Amino acid sequence: MRDVLPLREPAPPDGTMGEPRARGRFGEYGGRYAPESLVEACREVDEAFREAWADPGFRGALARLLAVHAGRPTPLTPAHRLSEALGVRLYLKREDLTHTGSHKINNVLGQALLATRMGRRRLIAETGAGQHGVATATAAALLGLEATVFMGERDIERQALNVFRMRMLGAEVVPVTTGSRTLKDATSEAMRHWVGVTGDSHYCIGSVVGPDPYPWMVREFQRIIGDEARGQCAAELRTGVPDYVVACVGGGSNAAGTFAGFADTRARLVGVEAEGGAGAARGRLGVMHGCRSLFLQDDDGQIVQAHSIAAGLDYPGVGPEHAHLRDLGRARYVTVTDEEAAGAAVRLARTEGILPALESAHALAWVIRAAGDGELPAGSTVLMTLSGRGDKDVSTLKELL
Amino acid sequence: MTDPTLAAGAVERHLRARRDTGRGLLMPYVTGGITPGWTDYLRAFAAAGADAIEVGLPFSDPTLDGVTIQQASDTALARGASTRRILADLSGVLDLGVPLVASTYYNLVLHDGPEAFCAALRRAGVDGLIVPDLPVHEADELTDVAAAAGIELVLLASPATPQPRLGEIACRSRGFVYAVSVMGTTGERAALAASAAELAERIRRVSDRPVLLGFGISTPDQAREARRHADGVVVGAAVMRRVLDGAGPDDLRAFLAPLRQALDQECDRPR
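Chains as they are written, first to last, in the numbering used here: chain A, 1 to 401; chain B, 1 to 271.
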């Protein structure tokens with residue numbers, strides 16, 4: 001009786017982004033490194049998600065919510081003027097056009113619907129910039145749930161508008177005053193809180209991190225980005241599949257959802273991290289927030305605080321599946337600086353009339369750089385996920401420019 | 001039930017021997033590196049009648065700890081505490097007469113690898129290890145390595161642990177079984193949670209390994225109540241709040257004395 005957890009069918013180890021292996025493993029990463037008090041709660045989420053995901057009724061209800069409430073499908077926009085200037089053919093998957101303005105809503109509607117199915121009456125969430133918090137507050141209001149959002153005190157100061165939006169939507173926003181008072185501490189505090197309320201509350205994690213089944217479940221809720229884009233590319237591109245698929249990576253949810261639609265093609269996958277938050281590019285094997293993955297650490301094994309102009313990339317680790325895709329060489333992870341990201345945001349605004357979130361601007365900054373130095377061959381087709389809109393970043397940009 | 005083919009280690013032998021004399025077990029906790037002379041607290045604990053001592057190796061992101069242990073961890077880290085330095089300090093401590101049990105998060109175990117970590121614990125005179133974010137189904141990587149190094153890996157059980165899993169935890173735990181008294185984080189509480197008694201009884205039904213109740217035990221009354229259901233208690237946050245408020249080793253010895261007394265009183269526990 002060494003293993004009382006149900007085993008899963010082995011998934012192909014080829015980076016095609018199927019179901020994780022037994023015990024929530026992506027290669028050597030993932031797992032359920034949760035305190036014993038949360039293990040049963042994680043098992044319940046896993047069981048409920050498996051049932052729901054196999055249930056056409058649940059899938060249909062979620063598809064309808066995504067259509068009538070979140071505004072899906074989102075368009076694929078050819079970036080004509082910028083493409084011409086860069087010498088590549090750039091297409092933008094427009095998650096910025098969803099309700100609440102970022103891809104976060106895809107995951108949150110899925111988890112909120114799952115929570116109601118599990119009989120939970122309350123959602124708990126962590127948030128950095130506030131996008132996931134706003135999405136959670138929105139889904140809770142829509143489905144008649146309560147919402148409690150943990151947010152670092154520093155982020156509360158930096159993102160006052162999103163704090164107000166969450167409260168308008170009826171959510172309780174709890175300031176986190178410990179540690180660095182940012183996203184990683186908000187995540188820790190949400191987990192601590194969950195331990196005491198597992199019976200009536202669902203922890204709605206905002207990225208492809210956390211204990212099994214979260215990294216897998218959140219990727220599945222986000223794969224609609226990649227699945228839609230795959231169909232749109234098939235209709236739009238002569239080659240059917242783009243040469244490159246690019247997305248920004250904090251924890252990595254929009255990238256995981258995007259990559260999932262193309263992992264079984266010959267498209268090259270590129271994840272773009274912030275220079276100061278490069279968990280996949282420069283992290284070291286570790287365990288935090290319930291999963292085994294790559295984390296920025298000092299020489300003693302303490303987790304290092306990330307720094308990025310984009311609060312959504314301010315996380316010192318990366319989702320376990322990204323760590324695995326990196327090891328396999330199926331995806332590459334690169335970094336760009338704050339300045340490159342800010343420059344890319346302005347350039348997209350001026351050439352295409354789209355102001356991207358600073359997170360998404362990281363992905364674009366790499367495209368611009370790679371097109372300039374020949375890393376992206378002339379004429380390449382590039383699909384880039386524009387994960388969110390930039391309204392929230394206007395004051396940051398104003399200070400910078 | 002206990003696997004009879006595996007001989008008990010130093011922690012378990014020590015705790016069983018003391019339990020079998022009818023004594024309630026007391027394991028106070030201190031965050032390593034919290035003050036310059038922090039190992040003096042260990043001597044005070046031993047003098048106050050501790051049966052084992054838990055030494056926390058502070059981690060930057062302690063997700064199962066309440067605000068007191070979080071503050072203690074931050075304070076120690078800000079002082080420059082690290083696994084290496086704390087273990088070096090421990091190496092300089094003469095035999096206390098009670099086993100030492102380290103506790104930390106799994107990231108610090110993985111940092112140099114489980115083998116190097118366990119070997120370092122052993123060299124520093126540590127006998128046991130508690131890793132609150134390493135549940136039984138993830139423990140394979142560490143159990144054999146720890147056993148080979150002579151480190152007893154203590155597993156935790158919680159009120160939410162279902163029965164077949166509880167049996168596995170009790171069977172695979174070494175040293176003792178750490179019973180988490182309440183669905184919550186570490187920290188002082190007004191009363192012993194009702195879930196504590198039930199959990200301790202459930203563990204005792206499947207194992208005769210010593211059972212220590214922890215999380216939220218800070219007063220003699222709570223210790224006495226805990227003793228009715230378990231073999232003893234872990235006292236962490238109540239100690240660390242006093243340390244953070246400036247209490248010295250003698251203050252803590254005085255704080256622990258009535259807890260020791262409460263645990264020594266005869267109890268009508270059915271065995």
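Take these hints with a grain of salt, some might be off.
[What the hints assert, rightly or not] Covered by chain B, per the in silico footprint, the following chain A stretches (three or more residues, Cβ under 8 Å): (1) 26–36; (2) 195–208; (3) 294–303.
[Said to hold, decoys possible] Ranges between beta-carbon positions, derived for each pair: (4) A/LEU161 x B/ASP140: 43 to 49 Å; (5) B/ARG84 x A/ARG282: 19 to 25 Å; (6) A/GLY18 x B/PRO36: 49 to 55 Å; (7) B/ALA116 x A/GLU236: 51 to 57 Å; (8) A/ARG282 x B/SER91: 44 to 50 Å; (9) B/VAL93 x A/GLU153: 36 to 42 Å; (10) B/ARG13 x A/TRP53: 48 to 54 Å; (11) B/ALA147 x A/LEU161: 51 to 57 Å; (12) B/ARG85 x A/GLY196: 30 to 36 Å; (13) A/GLY60 x B/ALA191: 47 to 53 Å.
In short, the hints are calculated from the structure, not lab data.
All figures in this text were calculated on a predicted structure; none of them were measured in a lab.
Quick reminder that beta carbons are idealized off the backbone N, C-alpha and C, glycines included.
B/ASP140 and A/LEU161 - C-beta distance against the hinted 43 to 49 Å | The hint (43 to 49 Å, Cβ to Cβ) holds, given that A/LEU161 and B/ASP140 are roughly 47 Å apart.
Hint check for A/GLU153 and B/VAL93 - Cβ pair distance inside 36 to 42 Å = holds (39 Å)
For the pair B/ARG85 and A/GLY196, does the Cβ-Cβ distance stay inside 30 to 36 Å?
-> About 34 Å separates the Cβ atoms of B/ARG85 and A/GLY196, which means 30 to 36 Å holds.
Do the Cβ positions of B/ARG13 and A/TRP53 conform to the proposed distance bound of 48 to 54 Å?
-> Because 49 Å falls inside the window, the suggested range holds.
Is the distance from the Cβ of B/ALA147 to the Cβ of A/LEU161 consistent with 51 to 57 Å?
-> Because 55 Å falls inside the window, the suggested range holds.
Do the beta carbons of A/GLY60 and B/ALA191 sit within 47 to 53 Å of each other?
-> holds (48 Å)
A/GLU236 and B/ALA116 - C-beta distance against the hinted 51 to 57 Å | Distance hint for B/ALA116, A/GLU236 holds at roughly 53 Å.
Counting residues of the region 26–36 of chain A with a beta carbon closer than 8 Å to any beta carbon of chain B, are there 3 or more?
-> That given contact holds, which follows from 6 residues of the region 26–36 of chain A lying within Cβ reach (below 8 Å) of chain B.
Mind taking a look at whether chain B covers the region 195–208 of chain A? Criterion is 3 or more residues with CB to CB distance under 8 Å.
-> Since three or more residues must qualify, the claim that chain B covers the region 195–208 of chain A holds, with 3 doing so at under 8 Å.
Would you say the region 294–303 of chain A counts as covered by chain B, given the rule of at least 3 residues with C-beta under 8 Å?
-> Our answer is that it holds, as 6 residues pass the Cβ test (under 8 Å) against chain B, meeting three.
Outcome of range test on Cβ distance (A/ARG282, B/SER91; 44 to 50 Å) | Distance hint for A/ARG282, B/SER91 is violated at roughly 33 Å.
Is 49 to 55 Å right for how far apart the beta carbons of A/GLY18 and B/PRO36 are?
-> holds (54 Å)
In summary, the one numbered hint that this structure violates is 8.
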